[in-house]
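Position chains B and C against the provided structure of chain A, taking the given hints into account.
Take a look at the letters that make up each chain.
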Amino acid sequence: MSKRIGMEIALAAAEAAALCRPDVIAAYPITPNTHVPEHLSEIVAEGRLDAEFITVESEHSAMSACAGASGAGARAFTATSSQGLLYMAEILAIISSMRLPVVMIIGNRALSGPLSIWNDHSDIMSQRDIGWISLFAANGQETVDMTIQAFKIAEHPDVMLPTNVNLDGFQLTHVVEPMLMPDQEEVDRFLPPFKPFAALNPDDPVTLGALGLPDIYTEACKSREEVLLNSKKVILEVWKEWEEQFGRKYEPIEPYEAEDAEVLMLTMGSMGETAEMAIDELRKEGMKAGLLKLKLWRPFPFEELKEAVKGAKVLVVTDRCLSYGGAGGPVALEVRSALYEEKKRPVILNYIIGLGGRDVMVDHFMEMIRTAAKADAERPEKAYEIYGVRE
Amino acid sequence: MNTAKQYRSGLVENFDLYAPKLVDKEEYFAAGHRACQGCGEALAIRLMCKALGRDTVIVNATGCMEVISTMYPTTAWKLPWMHVAFPNAAAVASGVEAGLKVLRRKGKIKDRYVKTVGIGGDGGTVDIGLQALSGAMERGHDMLYVCFDNEAYMNTGIQRSGATPFGASTTTAPPGKASRGNRTWKKNMPEMMVAHNIPYVATACHSYPIDFMNKVKKARSIKGPSYIHCLSVCPTGWRCDSKSCIKMGRLAVETGAFPLYEVENGKYRLSADMPETLRPLEDYIKLQGRFRHLTPDEIGYFQERVKLEYKKLMTKVKSSR
Amino acid sequence: MAEKKWPETWQEVNPGCIVFRPGSSRDYHTGTWRAERPIWDNSKCIKCGICYLFCPEGCISEDEEGYFAADLNYCKGCGICAHECWPGAIKMVGEE
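Chains as they are written, first to last, in the numbering used here: chain A, 1 to 391; chain B, 1 to 321; chain C, 1 to 96.
Just so you know, these hints were derived from the structure itself, not from any lab. Beta carbons are placed, not taken as given, at the ideal position from N, Cα and C, and that holds for glycine. Watch out, some of these pointers could steer you wrong.
Here chain B is said to cover these stretches of chain A; the calculated rule only asks that three of the stretch's residues, wherever they fall, bring their Cβ under 8 Å from a Cβ of chain B [as the list claims (entries may be wrong)]: (1) 47-60; (2) 63-73; (3) 82-96.
This is chain A alone, in the form it adopts within the complex (with noise of 0.2 Å):
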């Protein structure tokens, strides 16, 4: 029976994780997520967890020794945030390519410089485009629902990649929330143990990790990509089999007041809560207005961002993330590339919003969406806009 609690999300993480039973657990502290692997050493301290805790000397080594542990047929889990990730960064991109299906909680937070310990999604867009699975929670019963959904994803026989749960540091990891707890009688029902493709046993010797001359790079990359974009029907599946087992429901995209909106807005993680109470006022206004949370970031769900902004004469798109010297934030570039082969889609505008934990509340929301009602004739004068910047 699920319990309910209150705690601190990053703790809650850390409870969610070790009911899946990792073998290996390597980390390296980072401010914001800290709490989530000083949580889980507790745990292996208490004799709760019977796992092997790595007190690595840095990221870069916490992600090899995950892949070292996966290698070998563990179940591997991490957490990093920021100057952590990109630290990883050389990793992350070939754990992919060996299909090591590693689950790593991202507590979201800007990169430096100047050093900003605060949210933003500068850290994972960065890491956008290297093969692992990407999933953004808005609130503490997400990030606890979905770090146990990951290993499942993860380490499904037709996925076998790895996969990150994205939170707002601060914002969520640091934030006390009532959540439902699942037990462990129900994870040890909803998860089955790992069984890796290859494992490093000396009855069966294999090689992990060989070279790629030129005749067989493309053909491995096509691979992967396959696999990736194919992945999507598993999270579809086990999100449905968690919504039949503990009744809560999970979709690429969760609508908000979408069905009839005019103008759409566009958020991930933490925001969307805010930006609902936005939704909520400019509906008392009488402005038809919804909100798309996406929760899905990688594989990007194209089909479904089709079909959710089919009315919509407007979306506005939210970024967490710069993209210097490019056109516009990240989830702006990726839906501008959905939607416009579509020969009916709406006037997009993005905003870059929240940069290094700047704060964003519900009037600034509603600003926003009716600026960009008035959008709908003409289209912007802008790609995007940094919103709220002193001049």
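Coordinates of chains B and C only, in the frame set by chain A:
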């Protein structure tokens, strides 16, 4: 000096002479690998595998040995083998060791002892891989790490590394009007490993195969971290004949440029193959194109420094008695 | 897992490019690199095995009588065996 001269001078005992016959006949590192002619590192790997036996997992850093042995869809390895990246062989090996340990404890794999062995070249060990190696050794993982030191980044085309000896010409430390080749002294990696207080550190060379294999066997038997630094002659990078590979390793040892010793629980011991008196350094360096540009003064400095380093080592050996 | 020896299409590439055939490097014959080949004179051979031990290819093996020979499919002709053979039983001769 070659085996023939040693035999004539009575240095090779009958037992040693026929020792090759006692070596494990199984090849765990198969032919068809693409190492250069006369590659000392490939030979050292082959010997190491024989000494380790089949209950072993190898974790390889990026480098010559990884590239020449695993061109997909083929592999030279008959042992379970994993490669992830250049700087992280020791970290990956930490994960493998922890993974195998916990899976055995939980009854998910057979309850039998499998040794995890990390391997890398000198660049992957003393330079870019140093942090990961230091972490793995300090944490006390039950693993052996072997550095195959060919004294430069040979895989990328003979660039200098922290393990390149004084004076050597490399593609990033070439001699010219304003330069005389590599100006720095070889980083003392075995000593850095000793400073980690691990139970076993040794130096070795493929030219002394029985000594090398015995050291590998000893390290394998130790429950905890151990480190072997194996000088591996690279005829391509050292600019010497491929046939002289074994001789070059012997000369490195006999001149004291690369002394063979073990440090067991902090106690230093010189290996039996070390000569009573060192040969002149010139015997070693004159046969290699990488030292060809050195002046008599520079050779003089090189020789004195080798003697000094050897003296420092002997002090530790004597104080360990 | 079944594996086609040389994959052509992307569907034939193993997941993660895992190699399931240990020792399959033997598919490739490095013997074509060779400029000189080692020839044994068994009348001088004392069957010590030093040639076998020092071969970087591991391509020298012992026959039933205890004499040694190189597998010329793999021998790269480095000359280590001839150089290290102290009774001088091995000679390197040029390939045609």
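Against the structure shown, which of the earlier numbered hints fail to hold, in ascending order?
none
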